[in-house]
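Student: Residue numbers (my numbering), protein chains in the order written: chain B, 1 to 417; chain G, 1001 to 1351; chain C, 2001 to 2285.
I should point out that these hints are in silico values taken from the structure, not numbers from a laboratory. Don't be surprised by glycine CBs; every beta carbon is placed ideally from N, CA and C. Errors might be hidden in some of the hints.
Said to hold, decoys possible - These stretches of chain B come out as covered by chain G in the derived footprint (C-beta under 8 Å, 3 or more residues):
hint, region
1, 102-111
2, 206-218
3, 222-235
4, 321-328
5, 356-365
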Amino acid sequence: MSKKTISLQQSHGVDRRRVLQGSAALTAAGWMGGLASGFLLSPKWAHADGPIKMGIATDITGPIAPGGNANWQVAQYAVEQINAGGGILGRPIELYLEDTASDPKIAVGNVRKLIQERKVDVVLGGITSAMRQAIKDPIVNRGRTLYIYPQLYEGQECTKYLFCTGPTPAQQCDELIPRLIKTLGKKRFAMPSANYVWPQLLNKYARKVIEANGGEVVFEEYYPLDQVEYSATVGKIRDGKIDCVFNTVIPPGLQPFCKQLYESGFQKNGGILSCVYFDENLLNYVPAQEMEGLYTCLDYFQALDDPFDKELQAGYAKKFPNTTFPFTAGSAATGMYRGVKFYEAAVKATGGKLAREEVAAAMDTGKLENGPGGPAEMVPGKMHCKMNMYVAVCRVEGAKTKYEVISKAPMVDPKEC
Amino acid sequence: MSAQQSVADESSAKRSGLRRPLRMLPLIELAVLCVIVAAPFALNGRPDLITLFTNIIILSLLAISFDLCWGFSGILSFGQALFFGVPGYVIALVGRDLGISQIWLTIPLAMLTGLLLAFVVALFLLVGRRPTPIFVALGTLTGSYAAERLVSGWQYVGAGNGLSAVKLLQMGSYEFVEGIEFYSLACVILLAVYLGARALVRSQFGLVLAGIRQNEERLAFLGYRVQIFKMLVFSLAGMISGVAGALYSYHQGFIGPGNMGPGLSTQAVIYCLLGGPGTLIGPVIGTAVIELLTYVLADIESIRQFWPVFLGFVLLGIILFQPNGIVGVAVSIRERIGSYGLRRKGAGRQG
Amino acid sequence: MEADIKLAFDILAFISVMVLIVLGLGVIASMMGIFNFAHGEFVLLGAYTLYLFQARALPLWLGIVTAPLVLALVGWVLERAVIRRFYANPIMAMLGTFAIGLIIREIIRGLLGGHYKAIPEPVSGVLSVAGLDFSVWRTVIICTTIVVMLASWMFLARTSTGLRIRGALENPMLARACGISTARLYALTFAFGSALAGLAGALIVPLYGLSADIGIRFLVQAFLSVMLGGVGTFEGPVLGASIVGGMAAGLPWVVSPVLADPLVFIIALAIVKLWPQGLIAKGSI
């Protein structure tokens, strides 16, 4: 089987997308089983012990494609930086990609390829919780490989050898919801949700915080992921005099829902839309005017005035000029960066040993001095990390969205496991 | 006088079998058997290929079940994956909630689930005022689609996430992981199912099925209880699908709503059509060809983009010009029971 | 009262979408006795045409008018080349059109790169009538559906070609004996059905977004509508679409949306089982 090798210098996001869209098209079709879009990025030099193999399993096609592509680009960028600095203890990192195509059924087969054929030392990826649930077994149990999950999610993932580098409900809701209720005065909440595990558990946590702060959840509803008709939901929002919609509908249902909500005049009449995964990348999903006035709470925003962040963005923009996939927090890109850096730090701490037991033990006490949004610190024994959390509101300027950061909470505890 | 004699000579020569045609089907079956048995030895050291071959074996079971319905009996079941996915879920649930994954219990359980479910669906779709083929096709498609939507919303079975971390298949205290052992198990099961189905279709029962496929009304007039036969074959096909679903669940370690929906159902149709319906070995070959090509072409970018389109054209070509599929190229009409595909003569609707 | 009006409007809007999609399918099924499995993909093609117009910054209104024309052409060509071989065998027709649909869908998926695209409505915003807000675009869809239905009905009932079509529907052999070219009528009908699908696609894509899978989304519902309403008449599929569309839009108000989804299919299938020829049964499949 031929392997395509591209040197890191020549990689451009757009080329890669075109190259991958074919097979991933099949996988997104959902009716061709077992098709993979294996892709390899080889470093420029070799080491006696061989390269460190890192596998990325993310959604290059399908509804979650904008997030997946951002993840892949950030992974390449982070690895390139590390390799440019001499790799990890002199060993370069070799990067492999498999497209999970936003379909857990296909992802399982493709991830197995990473483990069995490429024999990677660590896998980073998965965006939706459905995807994580599907691929964690082939990676962690059957594959006996380390797995780092970079996206914000619903918590309660305490599997050994599975580290989470994205925000948890505690980190997101504890800041955002009191602000919505106390500062903005919104008391009547609606929870339109996609029907899978992340919204269900997140809503449970959010409900607790809402009620503890004096708010009221008027209705909580779940829809199939590809639902396109939301007239009943929008009707209930109107009739129930909802003033804050805590949205957990994800693509592909997200676009029709936002449009139908916007057209019903919800925001015009003072309602607030709040969604904890909305970031600057959402322009790839939803037109700007539907996001105006939206509230979110994430670990990083591009508007942050921090020299490390600015340098990070500049480097990313240099590597991927004019890319449509920005480096943002809601699409797991920040978690991916953190994940790669945590892995680097852990391998350095073990002195170059790659066995997952040792790396995991080292990662357990991992600390990052610098990262997007600020430093990050693994909580020992808890598989999750502390990070800065920011509440922001979305403003529209021209056709672009700009997030105005309203508050910052430093090194918030994930409160998991 | 001499002309008549020469004609008589000729016909007697024919009757004595001087031009006996070669029976291709058993040869093809033997060839496939050899490939299946030899594969693990050739592939030692490539675990990913063993996994691929195991998947092929499992999916060809599904294709065979479709062939029994369509290729032999003329029941176009566009929802065969329903009887694949539901038993797969049952297996995963039994493993998760009851902790049982012993092969002696779970495989028969899957067979029973497939059988019963197919029986219920057959009661609804095949029985009663004679249902048109369109109704059967659409009904099965709808059933498969509705089941997928229902399961996508049901929290207990994992909703859209599906069920992952399925408990490994056990025989006593031995656990089947992906690899040569699972491959061997799948092969044994395929062999058993194949021989059983083969015996079935070459029996009197099979002849009745062929008659139903050709002209249902005629057979009904001849006194056969057509509906009972159709229900029987449909239920048996469901049973075979059930085994396939259980094996898939154990092998992948994952089962999701997509495994019972129209996507997989139509995949089974394509496998069977490409390979050659009505031959039992055709679906196996069709599955192998499609899955192997897909895997191999995954790494060749220029072809990869066009592969599904190409496959669609191949499928269209098969339907238009070679309804007997790949196997039909080698196997003559005489070896198959009854004819198949588009009727060449007569155009336009019966007015 | 207000809530009821809005509810009625929402249900009517979704029914219009369903009727637009189903009309083409029903016409083809009534006329030629085949179920066009590629119908969803014709809708997709119509949506994709509009997307092309948007991508090249051409006026969207033009795109909406062009989409049915493009589809009429595609339908005509397909009918001449492929579909006519299937008239004798409806089962092979299903499989053949399924293959065609597959080809179209995968080509578009390749062109889209597996991504989902948003297309703005040509006329967006809300219409305020008597203090109630109605989406402008949905109103446009409802009006277009009514116009299309009236125009089709007038065409069938009042023109000579319409008369010929009705004749060929009732008794093809006799129609041929009278000198009516059924082959040409079939081609015309298929082109017309495809054009309707293209129009439906162009109209609904601003609402639901474009991806390679939007065709399949409506396919099963469309088939059920046709079977429910009955083949052989103009009103049958429309009635079927209204029932299925009404259920799909209305049930989520009564039961949880997750349950409503499969419930629509089960109810529709049960009704078809009870009335195998459909509610308005004149032709037969």
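Student: Hint by hint, say whether it matches the structure.
Tutor: Outcome of the hint check:
1. 102-111: holds (count 5)
2. 206-218: Violated: only 0 residues of the region 206-218 of chain B have a Cβ under 8 Å from chain G.
3. 222-235: Coverage by chain G holds for the region 222-235 of chain B (3 residues, Cβ < 8 Å).
4. 321-328: violated (count 0)
5. 356-365: violated (count 0)
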